[in-house]
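Peer 1: Single-letter residue listing:
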Amino acid sequence: MIKKINTKKNNTENIHHSHNILPEEPELRVKALETLLVNKGLVDRNTLNELIDTYENRIGPKNGAKVIAKAWVDVSFKERLLNNATKAIEELSYTGRQGEHMVVVENTYEIHNMVVCTLCSCYPWPVLGLPPSWYKSDEYRARAVREPRKVLKEFGLLLDEKIKIKVWDSTSEMRYLVLPMRPKGTEELTEEELAKTVTRNSMIGTGLPELIND
Amino acid sequence: MTRSHDMGGRFGDGNIPIKLKDGRFIDDEPVFKFEWHAKALAVTLAAAPVGKWSIDKGRFFRECLPPLDYSRFSYYEKWISALVNLLVEKKLINSEELKNAVNEIQNNKPYINQEKHYHPDMLKPEDVSITLGRGGPSKRADLKKPRYKIGDIVKTLNFSPNKYKTGGHTRLPMYARGKQGKIILHHQSHVLPDKSAHNLGDGQEHLYTVEFLSYELWGNTNGNENDIVCIDLWESYLTNDSF
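Sequence lines, in order, name chains A and B.
Quick note, our numbering runs 973 ahead of the 1-based positions in the first sequence.
Quick note, our numbering runs 12 ahead of the 1-based positions in the second sequence.
If you are wondering where the hints come from, they were derived from the structure by calculation, not from laboratory data.
Keep in mind the model is a prediction, meaning the values are calculated, not measured.
A few of these clues could be false.
As the list claims (entries may be wrong) - Here are the simulated DSS-like cross-link-like pairs (lysine-lysine), alpha carbons at most 25 angstroms apart as the crow flies:
1. A:K1013 - B:K136
2. A:K1035 - B:K33
3. B:K128 - A:K1060
4. B:K151 - B:K177
5. A:K1060 - B:K161
6. A:K1013 - B:K194
7. B:K31 - A:K1123
8. B:K69 - A:K1013
9. B:K33 - A:K1169
10. A:K1013 - B:K177
11. B:K102 - A:K1137
12. A:K1137 - B:K194
13. B:K31 - A:K1109
14. B:K33 - A:K1157
15. B:K194 - A:K1135
16. A:K1123 - B:K33
17. B:K31 - A:K1035
18. B:K121 - A:K1013
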């Protein structure tokens, strides 16, 4: 009887080792799985291409930049964005997977926000696309909460001691987008031109908007 | 206790892997560095409607990779390996089939099933856009009144809050256990990962954002004592008994 229980337990644990059946090389690992799933009618090759095209070409930080630029020029949009980000961002049609519940956090002269996911790599896909590799790195995940100032310094961002840093650890399905401060001297710029100053890092909090030098 | 993924605050990691030029950040990374990265993402997303596991279960399977594998695997290696384990657990594939697939590729003879039948829930190319656009909201109807309100001082549990499964999934990071903070946002009720990861239903609970002083988390040895860490936490992770 005791033996039987032990066997069952071992099998449960082994589920998490099944991947070892596949070869070490990640390329081969993916190819084997893809071939098997396509052959079994579980996934469709055209669907894979469609998914890749979506994230490679259609969804990216340019979406988020449009949200930020709009907030800089349209006071009532900014208000809606800070009150209910999910709904406000929906006005620009950036909805869905990994952006179901959005929160926008505003940088001020007193507070600088930055976003991390220490437990995995949660990131607001509809507005920023897929996360860059540094965001998913152990280095960022481990250090951003403990020593944000040192981390920001590595990004070339030196903040005044008086500015309070708020690090948002994305532990739930809420997704955070930083609303950076509009750069000085951009009064003449159009919404479209402003969007070009909004870098990906400025919306994660590891950078600031950048004026393009002509 | 916890697992390898729970690395917030850990010592030993080096500089953030980024490129700088003249002190300025260079953002020239392609969306997918290698073709297999793209395929790993796409296969994982495409398999989800067939496997029907919750996002929490997906995360739990990545966390359950053996610690050595978790640490040495890149992001998409974790994805693809956890996906294999999810598919095996769901009995959608088995080890024999995996071995055969590898053999065929290595011998350059990929097997093509001419009389293939399609799984009824297979994601079709024309449904990709609508499926992604819909996503999977985690907000649910409130079952109870919230125990806390904005401004309340609370303390986190000092052990894993998952009382349903030993070593089970939870979203209370190790570095924030047994710490005092203040509720700053209330997001109404959301699916509880501790249950959803283990096929125990939604078990929705009120979700709050709690802010912790850097000093409370790390002592005064790590930079600026004005700094704050904000963490989203479910009601059962919190207590106010001692206040």
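Peer 1: Has the given pair, K1137 (chain A) with K194 (chain B), been kept, meaning a C-alpha gap of at most 25 angstroms?
Peer 2: holds, 16 angstroms
Peer 1: Between the alpha carbons of K121 (chain B) and K1013 (chain A), is the straight-line distance 25 angstroms or under?
Peer 2: holds, 16 angstroms
Peer 1: Measure nothing beyond the straight line between the CA atoms of K1123 (chain A) and K33 (chain B); if it is 25 angstroms or shorter, mark the hint as holding.
Peer 2: holds, 18 angstroms
Peer 1: Would you check the hint for K31 (chain B) and K1123 (chain A), treating anything up to 25 angstroms between C-alpha atoms as holding?
Peer 2: holds, 16 angstroms
Peer 1: For the pair supplied as a hint, K151 (chain B) and K177 (chain B), confirm whether the alpha-carbon distance does not exceed 25 angstroms.
Peer 2: holds, 23 angstroms
Peer 1: Is the hinted pair K1060 (chain A) and K161 (chain B) satisfied, with a Cα-Cα distance of at most 25 angstroms?
Peer 2: holds, 23 angstroms
Peer 1: Between K33 (chain B) and K1157 (chain A), does the CA-CA distance stay at or below 25 angstroms?
Peer 2: Holds. K33 (chain B) to K1157 (chain A) sits at ~24 angstroms (cutoff 25 angstroms).
Peer 1: With the threshold set at 25 angstroms, check whether the alpha-carbon distance from K1013 (chain A) to K177 (chain B) stays at or below it.
Peer 2: Distance of about 33 angstroms is beyond 25 angstroms: violated.
Peer 1: Between the alpha carbons of K1013 (chain A) and K136 (chain B), is the straight-line distance 25 angstroms or under?
Peer 2: The given pair, whose Cα atoms are some 15 angstroms apart, holds under the 25 angstroms limit.
Peer 1: If you draw a straight line from the CA of K194 (chain B) to the CA of K1135 (chain A), is it 25 angstroms or shorter?
Peer 2: holds, 21 angstroms
Peer 1: Mind checking the alpha carbons of K69 (chain B) and K1013 (chain A) for me, to see if they're no more than 25 angstroms apart?
Peer 2: Distance ~23 angstroms between K69 (chain B) and K1013 (chain A) Cα, so the pair holds.
Peer 1: Decide if the proposed pair is consistent with the structure: K31 (chain B) and K1035 (chain A), CA atoms, cutoff 25 angstroms inclusive.
Peer 2: holds, 21 angstroms
Checked against the numbered hints listed earlier, the structure breaks hints 3, 6, 10, 11; every other hint is satisfied.
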